Each structure stands twice: as structure tokens, then as C-alpha cells.
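Q: Listed below, chain by chain, are the residues.
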Amino acid sequence: MTLFRKSLATIVFGLLPFIVIGQDATVKTQSGNTDEIITAISLSEQLNEIADEFHSQFEQNPLGLDPSQNKRMMDLFRKAFDKKTLLNNVRETFQKKYNASYADSVVKWINSDSSQKVLHTKKDYFTLQGIRKRVVNKYELEQTPPSQTRKNLIDSLAKKTLAAKSKINANVVMFRSVVKAFSQLSDQRSFSDAQIENFVNNYRMQMSTQMDEEIANELLVMYHNLNNNVLRNYISFYNSEPGQWLTKTTKESIQSAFDSAANHFLESVDKIKSVK
Amino acid sequence: MNKRLILLLILVTSFYGCSTTEKATESRTNKSNKEKNIDFSTLREPPKDWYQLDEKQTQFRGISSEKAYQKLLKNKKPKKQVVVAVIDGGVDINHEDLKNEIWTNKDEIPDNNKDDDHNGYVDDVHGWNFIGGPDGKNVHYDTFELTRIYRELNKQFSTVDTTQLNPQQEENFERYKKIKSSYEQKVHKLLTQYKNIESLDQSMTQAKAILKQHFGDSTYTYEDVEDLQPTDQQLNFAKNVMSYVMKNEIDSAMIADQKKQVYDQAKYNYNPDFHTRQIVGDDYSDKTQRIYGNNDVAGPGPFHGTHVSGIIAADRTNNIGIKGIATNTLIMPVRAIPDGDERDKDVANAIRYAVDNGADIINMSFGKAYSPDKEVVDAAVKYADEHGVLMVHAAGNDGKNTDLDTDYPTDQYGKNLDGGTANLWISVGASTWKPGDHFIASFSNYGDKTVDLFAPGYDIYSSVPNNKYKREDGTSMASPVVAGTAALIMAYYPKLTAQQVKNIILQSAKKYPDLQVIVPNENSSDKNKKEPFSDLSVSHGEVNVYNALKMAARISKQ
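If you're matching them up, the sequences are chains A and V in order.
Once you know that position 84 of the first sequence is 83 in numbering that gives the first Met the number 0, the rest is easy, because the numbers rise by one and skip nothing.
Once you know that position 379 of the second sequence is 378 in numbering that gives the first Met the number 0, the rest is easy, because the numbers rise by one and skip nothing.
The set of hints was computed from the structure by calculation and includes no laboratory data.
Watch out, some of these pointers could steer you wrong.
Claimed, not checked - Straight-line Cα separation of at most 30 Å, DSS-like style, residue types lysine-lysine; simulated pairs:
1. Lys194(V) with Lys179(A)
2. Lys177(V) with Lys78(A)
3. Lys83(A) with Lys176(V)
4. Lys78(A) with Lys179(V)
5. Lys82(A) with Lys164(A)
6. Lys78(A) with Lys188(V)
7. Lys272(A) with Lys78(A)
8. Lys121(A) with Lys509(V)
9. Lys177(V) with Lys70(A)
10. Lys185(V) with Lys122(A)
11. Lys122(A) with Lys258(V)
12. Lys266(V) with Lys122(A)
13. Lys247(A) with Lys78(A)
Owing to the predicted nature of the structure, the values given are computational and were not obtained by experimental measurement.
Turn these sequences into a full structure, and let the hints guide you.
A: Written out as C-alpha cells, the structure reads:
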């Protein structure tokens, strides 16, 4: 072994722990940033609520499955679309789509005073007291409707964050999976793939007609006590490249999380079907 | 109950709303009406005074008080002026039908800012208000007891290290978990309720537009809607929505009212950050403190108390409005019940005030699921019991068996008084004008150990503030029917003791041995479970003034 070679080897081997440490630090930063972003924008809470709302609708058995079968189906749904699973999937997508520079900008933005106000308000919306306050805000908004400026601002926030699209997509994924599960479990009716897609398209259309308004109302209630300037400032970030990365990654992570949960759900339905 | 019953629109009036409707708003006291059989299944609204009518005379299953006045009291004069304390949210003492029937503290000189009678309360000319401050401000809304308990336990346990708890703390932690779970359920339910109302409102608007287009105008009837043969999805939707809406008489005013109720609950009743005691200015931690409040007996929301008072003692001689059940009876308003859950300390003090200032009867149309300072209420109830004051209490509007699930206050003393029971206590459930299996109001509590008897508590027409009158439902209305009955007996037979009056009311209750009724159960999936009416209360019956007065006459001669 020449000295050079030796020294190279020494350098290679000598550096290795540092490289590993360096990589570890990057992974940790990536994972830390991802978690910070996901937590700050209350993504997990949002997804959980979307799944919960859907569950409570289909828990009432609108498809007319045998009640015990419906209960079984919705129990499996609950397990597949649980908060932790959805969160893990979201985290995975965020890490796949990770861009260090954008993520750093997002984290910086998250920690700014004015963003904190908005994000704190958003977080509060999903807490127990936030749920109570929703009723208060809804009623007060009905009594004193928001100005056109306020409505425009909220519309702008909804559009820039693609909130309606994400929610429609998530609901469509859940709907398709439940109809498929129904078709498998029902003794009375089963549907072809084409029929299912037909139902899904109708469902998507129905959702599309009302979702923009629903999201706007939701955001009006959520940010009821925040003034326009704070909101305007917050929204402006979504025009930047890091902001657009955040929007895109968020949308994709939601889609991916629900797709993955739907697959798990249908797999578990398959299992009980085969036991049956 | 003073906390107004939230009737989820989905459940509203499903028992009482009928498709084809008839109004019978005029009194049917004359016999000729008996000839015509009333179709109760299609009757929408009974006569305003239905609850005072006699079934044999009119087919309406009332308490036969008018019959008693006609046949038993016609040539008799009352021998005593009876005082009924109404512990409630306030009474409009200037109401045209009540102003001559309000108790006056003759030992108190009005507005001189002095406690002339030395009872501790300054200028308590017509009663007292325990939920007001010395500056004249009043508590209107308050939290529910569940919220208050949650608030306190949450402070202690929300961040506690559960691995370091001693056995006592563990027990309290278990309680915290239960309370938290109940509180969470209630909060989530609020949002669901509000969304349901919103959704119905939107559907109603859409359906009306579709039907207007279909019929050409908005003059269509329920029958027109029912007869529709929809050929498309839209019309089918409109038919379903409007059939439901028209059948249950849902209109925009009702929707607005329901929304306001849910809003009030969210803003005040379930809000752990909402505090009221600074308004009263008492030392709330001192449960033995007696002297606080002000003399505003109406307060900001005297609707409920005015309705209750009218049932008991509205002026029978002025030929306006309504006739109270009792004559020669004065109402002593004692304000202690906010729009929310009453506080044990205020209830205890209100009972003591009533006793100390000469009430013969106390009407208590309120209740709650938790009573953290039960011992102070128990002591006050015992005080009333020992002083011969009859307490009449609404059984509650939760549609539950109170033998299994207590509603407070109760006649059962706690450990502090070594158990035992108050003797002079009557708990009253609500009945309806429906003679069939819907005879018990769907919301009424019941229990063959804890509910003494039933009394009309549905569609009860009585006085409300500003010289108005309105129909209301609740065991809140059933309780004053019994309080009024007791007052009437006491007025004519003053030598009877309160215990005798109670016994007479229970023993003379009208029985329906063969009647099977739907058991109220708001939490059960089996909404049509039936049981014998006689199994749902201690007395097995419904209060009947005619029978009671006859029995009182007999017993008073002994």
C-alpha cells in the first residue's frame, strides 16, 4: 500500500464516519423539517377530519348494506384510514418530494410572527375548543356576513392551497373504496368496474359543485378572528416558489395517503370476504 | 327545564306532528262536544286550556280543574292565601295576568335601600334574585355543570403524569376521563346539530324553489306535495324534503330559533372560559354564604318563570289571557336559574329564602345531571321539609329513567345527612293530550321510585313576558300544574298539612290500569318500546284536581 493510497484510504475511511454523520444530519434535518411543516399546517388533523366526516356519513349505511356487514366494513375503514397511518403516508410523500431549499424557506415562513398567528388559529380550529368555537363563528358569520373583500381573500387562499381539489380527491378515493367494498360484501348487489367508475364520476361531480363553497365557508369560520392584513400576508407566501412547492407536495401527500389507506382497506375487506 | 330543550330538527315533533291537521283552539268545556268523537290521531293543536279540562266532559285528558271549580268549589270560598315560591329564571311581575297575584313583602319599604324586615335582603319587596350583582347587573347565561366540572378537573389532570398518582388521585383521574369524554361528546354533538340544521335549511330553500317552479306558485299544500309523482331526481328530492318539513311544521323561524339555541350553548353553556360569578360578586367558594344578589326578580330572561307562574296562579277573575289552576294564591319569584345550569349554592339559598319568607309551596322547574355541592342543597331541602313547605320538582326532560340515572336536585339526601329522603317532595313527569300510547311526553323522565306522578306538560298555554301567551312543553310545565293543584287544596283546606296535601295528590291521581305507553328513551334505538303507564311512577297515575279536592274534603272532615 503506497502512502498515497494509504492516505487516500485513510482519508476515505477517516472521513466515512463524518460523511455518515453528515448524511444522518441531513436526514434528520429533512425529517425534522418535514415534521415541522406537517405539524405547523395541521395536515394530520385535516386528513383525520376528512376521514372522520366520511366515516360518519357511511356509518349510517346509505348504501343499504346488511347493518352488521356495514358495521364491519366501517370498522375496517376506520382502521385503514386511521390518523397515524395517514400521517405516516403524508410524511413519506413529503420526504420523497423533499427540496431542502424550499423546505428551509417554508420553515422560516412558518416561524415568522404573522404566519404563527394564522397557523395557531388553524391549529386551534381542530382542537376541542376549536370545534366548539366553530359553532359560535358560524352563527356570528351568518348574523354579520363577511365583506366582499374578506370573501375574495378567503377564495384566494382556498385556490392557492388547492384545498377544494385535495378534499374532493380524498373523498373520491374513499368513496370508490367503499363502493368496491360494498360490491364485495353485499349479498344483494355487485357492481362492475365500469359501474363503479360511473358512480364515482357522479360523486365527483356532485362534490365539485359544492366543494368551493364548502371550503370557503370552512376557511371563513376557521379564520374568523384574524384580520385581513394578517391573512393577506400569509397568502402571499403561496405565490413564491417554496409556497407552490408546499401546495403541490401537500396535495400529492394527501392523494397518496388516501390511496394507500384505500388499498389497505380493500385488502382487509378481501380478507373477511374470503373468510366468509 | 330552564335550559331550553334542544329538539334536533330530525327528531322534532315526529310523534306530535301529523299529516292532516285540525285545530281545536276553543275550549270544549260544554257537554255537547262529547257527542263528537275527537280524532286525536289527526289533531294538531288542542284547545288552549286542554290541560284543565275533564276527560269525561271533553275527551281531553286534563286535570279536571275547571270541573272542580264548577262542581266542587262553586259555592265555597277559599280560606287561606297560599304563597308559591317560583325558583326560576325570573318572573315578569307586571304581566297583566300576574300583576295581582304577586307576593309582596309587607315588612319591606320599597326602594329605600334598607333591609327593613332584617331578613338580610335589601328591598326584597317581591322576592329575591340570587344571580344578580349589587350594581343591578344580572347573570343571564351560565355554563353547564358538566363544563364547570370539566374545567376544574382539566386544570388538575390535563398534563398530569399518570404514573405518579396516589390511589385517591387515580380515582379522580378516572372521573376526569369520564367527564372529559362526556364533555367531548357534547361539544361534537353541538357541531353536528348545527350542521344538521344548516343542511336542512339549505335543502328546504332548494326544495321550495323546485316546487314553486313545478306548481307555478307557493300555495301548494301538504297533500299536494304528498300526491306528487316525481319523474325526475330533483322533484323527488323536493317532495321528500318538503313532505318532512310540512309534516313537522318546520319554518324559517323555527330553524333560526334552533340555531340560536345551539349557538348559545356553544358560546356560553359549554364554554369553559365563560365565567359569571364576578357579576354576582359573592365569595363563591363559601357555600354557606347567604346574603348576596339583588332585588330584580325578572332579570334579563323571565320567559320561563312567567310561563310557570301563569300555570299556577294567573288571575282567574280578569277575563283575559288564561286562568291559573289555583285561586287565592300568590307567586313569590326567587331568581336563581340562569340560561345554563343553576348553581347548587344559589338553589340552596333560594329554597331557604322561600321558606324564611313564608312560602307554602316551592315550585322547582329546573334540574341538572351533576350536583357538585349537593350537600348544601340537601341541607336546604331538609330545612324546607322540617318547616312544612311542600317542594314540587320537574322530573327532567332527558327521556330517562331517573331510578337509574339521577337528575338533581333530588329528595334523596347524600351521605352528609346520612342518607334518607325528604318527605315533602313531589317529582313530576310530563304527560300529553294524546290518550293513546303517546300519553307520556317523549322527553319526560320517569321512574317508579323517583317520579311521583305525571301531569300535563305538553302544549301548555300560559303567560309569557310583555302580556303575551304561548304554548310550551316540558316537565317544567308539568311541575307547576301540580304546584297549582297543591295551592288550590291548601287554599280551601288550610288545616291539611303539607304531608297530607302531598298524599292526597298522589293517592287521588287518575289511574289508567290498562294503558300501555311508549317509554321515553332518547338514547335507545327502540323508540317504540311500551310499558304499562302505571309502572312509570310512584303513584301510577296523573294528577287530577277534581279527585284531589274530593279527597281533601273528606280527609279534612276527619
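Q: Looking back at the numbered hints, which does the structure fail to meet, lowest number first?
A: Number 8 - this is the single hint that the structure violates.
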